[in-house]
Each structure stands twice: as structure tokens, then as C-alpha cells.
Amino acid sequence: MLLSALEVVLTVASLPVLAAAGYLFVLTLASRRPPSAPPAEPGSRRLRFDLVVPAHDEEAGIAQTVRSLLALDWPAEQRRVVVVADNCSDRTAREATRAGAHLVLARSDEELRGKGYALAMAFGRSLSDGFADAVVVVDADTVADRNLLTAFAARLERGALAVQADYGVRNPEDGPRTRLMSLAFTLFHRVRSLGRERLGLSSGLRGNGMCFATSLLREVPYAAFSLVEDVEYGLRLGEAGHRVWYADDARVLGEMVSSARASASQRHRWEEGRRALRERGGSLLRRALRRGDRVLGDLALDVLVPPLARLAALALAGDTLAGALVLTADASPLVVAPWAASLLFLAVYLARGVQLSGSGSLKALAFAPAYLVWKLALRRSGQAPQGWVRTARQGEAP
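All the letters of the sequence shown, read from the start, carry residue numbers 2 to 399 under our numbering.
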């Protein structure tokens, strides 16, 4: 009787793990790259863009980002670079102006701090000016492909109201941590987004390389101020019936730090922010089922799925326990099946990420066990800092 009870408990415990791994497996199978969107014809480049750069104490690197945006392959008179110097204590505003930003907004508010508030200010200014047909968000540590606006325009002209570019790591070879981050970004930003785009779902928002039609910002006003404001607004768009298209043919590359100390605060904020949104996942899923809304249902599943490291650890632990029962207590081999299937699904997902990110990502996997231990320790290290806490860049003191 005790053996039977253990078999039942292990089988029931495997179901949420199997469901999460199966979800990633389905997206992996659907992640074949779609045909590139036809570019906007040179004579039809009538769309106007505001390129918004939210910045907090980015004096050292803001000029490079501004110059990257000024070099985009789009008529100069059809775009503006707008920098929001949010609660800065350095010369971010001055350096952005010197680099050629068309508009620099200085924001100072000790209570309402963070990227979400900076974006709300910029979006409000863009809407009131009436210059732009669409607003693009690029982080202050980022360089963009020259075809970024061309890729966005191609989707907007086909009916998209929100588009997410591919978001990758700018400096993957700086160390084992950045190599692993590059693989993680490929899995989370590219494999999932390719699959969701192929299935006609929303790719979700990734915070960097986002594009919104101004008509959408008027319909669904931006009011996302959590630690993961991008995911929060993406869910609001899904609730309003809009999906985010994925532009896999244009990339934005952000800088990641290689030291544990410098990246701990950033990683902690991401984990805590997504954990808070995960609490809404159940209610979103129930609403999606009532409405028969597969886009909203997929967005709910996306926030409900645990981080890959935790999911893999659960699957491995369950498979080990189930295997031990089979070998030592004569349990049914069927108790191993769902755990083994979960591991297989995750292995296929990981292999697809390695394929898309290149053979160099294989080096990152050797660092994965140490990274997993670091992340688990980080989850127990206290409350994540609130507001806008700037992450030290490579070469800076954290």
C-alpha cells in the first residue's frame, strides 16, 4: 500500500512538470523560421518613428546607443531619437544631446522611479507631439541592426500594432556567465518567439527592441510600472485582444555583465517580477478558457512556466526518485514515463537553442550547474530592490 501511494504521489507530481515541458516542446517543434517579411519599398517609407531610449546614469554608453539609432536604414526626416534621462546623477542628458539625440527629456521623481515611469513620460510626449506613427523602445546599453525600422515597418504595414525584435546578448564571449546568458536569451527570446509567431500567438514583450503603433498606445494606455513592466504590458495587450508580432530578421543586442556580484541585482529583479506576475497566471488562464482566447491562454502559460533551471531540476529529481522506486521497490516502470518524457522534451528544447545560438553555446553548458546553484541561492537572498537600480556594465565597479 505504501508503494502504491508513493507511485500515485510521484505520478501526480509529474503532471505540472510534464505540462510545462510539453509546452516548451510544442513551441520548439513550431520554431522553424518563417519566410522573411517583405521589406518596405524605399518609395513607401512614409511611417514616422520615435525611438525612445530610457536611461538611468548611462553617461558612459548612451552616445554609442544614440549613434546606433541615428545610423538606422530609414529616412532621417522620418525618425526622432528621444532619450529620457530618468533620475540621473551624471551627465547622461548632456552626452545624449552631444551624440545627436533629437529630444532629451530630463525626469526627476524620487517616489515614482523606474523604467516604466520613464517610458510613460516618453510615450505621453510622443502622443502629444503627434510626430510619430509608431514608437520604438531601445535600452541604453544596446546597439541595433540597421534594418530595425525596416523590419518593424514591414509588419506594421501588414496590420501589426505591436512588434518585438529579436533580443540577444552583445558580449557573449566575455565569460562563461555571458555565454550562458546568450544561450538563455536564445531559448527564451528566440525559440519561444519563433514558435509562437508560427502558431499565430503573441511573442510577448522583452523590454528591449519593442515597437508600438501610436494608435495602440491610445487604445491601451501604457501604465506598467512593475519590476517586469514589459511582460506586464504584454499581458494587458493580450487582455485587450492584441498579439505582439515577432520580427526575427532584426536584432537588438544588449550588454550583459559577467560577474556574479554585478548581475545579482538584475537577475533578482527579473525573478521576483516574473514570480509576482505568475500569481496572475491562473486567473488569466481561466479567463482565456472562458473566452476561448488562445492568445491570452498562451500568455498565461508563458508566465506560469517556471524558469528552465528550476524545471530541469524538478524533472531530474523526479526521474531519479521514480527510477529508484523501480529498481529497489519493484514499482511499475510506468511511474518513470512522465518524468523521462519531461527530460526528453527539455533536451529537445535545449538542443534547438544550441542550434540557433551556435556551437559556442556548448561551452556554456559546463557552467550550467554552478549557475543553477547561484540562482537557487539568489532566490533566498531577500527581497528584490524596487525601482530603477542600474546594473554595473562590464569594466565598471559593481
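It is worth saying that the hints were derived from the structure and are not from the lab.
Here the structure is a predicted model, which is why all the values come from computation and not from measurement.
Cβ coordinates follow ideal geometry from the N, Cα and C atoms, glycine included.
Among the clues, some could well be false.
Cβ pair distances, simulated, as ranges [unchecked claim]:
#1 E158 to E220: 14 to 20 angstroms
#2 G160 to R281: 26 to 32 angstroms
#3 L366 to R34: 22 to 28 angstroms
#4 T321 to E158: 51 to 57 angstroms
Hints versus structure:
Take E158 and E220: their Cβ atoms lie about 19 angstroms apart, and the range 14 to 20 angstroms holds. Between G160 and R281, the C-beta spacing of about 28 angstroms keeps the proposed range 26 to 32 angstroms intact. For L366 and R34, the hinted distance range of 22 to 28 angstroms is satisfied, since their beta carbons lie about 23 angstroms from each other. The hint said 51 to 57 angstroms for the Cβ distance between T321 and E158, and at roughly 53 angstroms that hint holds.
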